[in-house]
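*Asks:* Sequence:
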Amino acid sequence: MTNMYDYSFHQPSRLGNDLCDNSQRNIQNSAHATHMLDNFRPNCPASDHVEFAAGQLFMNFTGGNQISHGGNNINENSMLFLSGLTKPGCKITLDERQFVSVPFLGRGKGNIDVESQILHGDLNSSRKTANPLSETPYMECNQTPLVNSLKNTISNPANLVEGVADKNWVRGGVPSRELSK
Numbered sequence: 493m494t495n496m497y498d499y500s501f502h503q504p505s506r507l508g509n510d511l512c513d514n515s516q517r518n519i520q521n522s523a524h525a526t527h528m529l530d531n532f533r534p535n536c537p538a539s540d541h542v543e544f545a546a547g548q549l550f551m552n553f554t555g556g557n558q559i560s561h562g563g564n565n566i567n568e569n570s571m572l573f574l575s576g577l578t579k580p581g582c583k584i585t586l587d588e589r590q591f592v593s594v595p596f597l598g599r600g601k602g603n604i605d606v607e608s609q610i611l612h613g614d615l616n617s618s619r620k621t622a623n624p625l626s627e628t629p630y631m632e633c634n635q636t637p638l639v640n641s642l643k644n645t646i647s648n649p650a651n652l653v654e655g656v657a658d659k660n661w662v663r664g665g666v667p668s669r670e671l672s673k
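Numbered per my numbering, the sequence shown spans residues 493 to 673.
FYI, nobody ran anything at the bench for these hints, they're computed from the structure.
Bear in mind the structure is a predicted one, so any value in this text is a computation, not a measurement.
Careful: at least some of the hints might be erroneous.
Quick list of in silico lysine to aspartate or glutamate cross-link-like pairs, DMTMM-like style, CA-CA up to 25 Å [as the list claims (entries may be wrong)]:
(1) K579 / E568
(2) K643 / E654
(3) K583 / D605
(4) K659 / E670
(5) K643 / D658
(6) K601 / E588
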């Protein structure tokens, strides 16, 4: 039979962590910080080992990969692991190819004439910057007739140019020093 001794490994060693200096506030803070180390399964035969390992602040330990020592939690593990979300009750059926010897090309029927035209495209070696096609007019009518109301408004420069509309208008605005005078 082995004996259990209260060894402390890798414990913090500053004065504030001394046990004789624990106030009520320190006790509450440490209980709040170590709430994840509580063992809620006291009937486990390995609880002494878990308590010993969990009592060391800076050491981590690993369990038995979902099953405790001796398999005490096998029912709970099976209920969690083999639930309806993780294991569906039906068999998974995947459709096979119709003809096993022919590989699936994934495109369907092909039209060779159309595909060759699409692949080759049109030959246009001119670059966009020096392309004369961009300056050729495609409309037969250069001057589009305007509606009479627009024609009268646009042809009057007083409606578009601020200097013509107001003789006191200054381009760029009036300086702010002259406004205060």
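*Asks:* Each of the hints needs a verdict: does it hold here or not?
*Replies:* Evaluation of the provided hints:
no. : hint        : verdict
1   : K579 / E568 : holds, 16 Å
2   : K643 / E654 : holds, 19 Å
3   : K583 / D605 : violated, 46 Å
4   : K659 / E670 : holds, 18 Å
5   : K643 / D658 : holds, 22 Å
6   : K601 / E588 : holds, 20 Å
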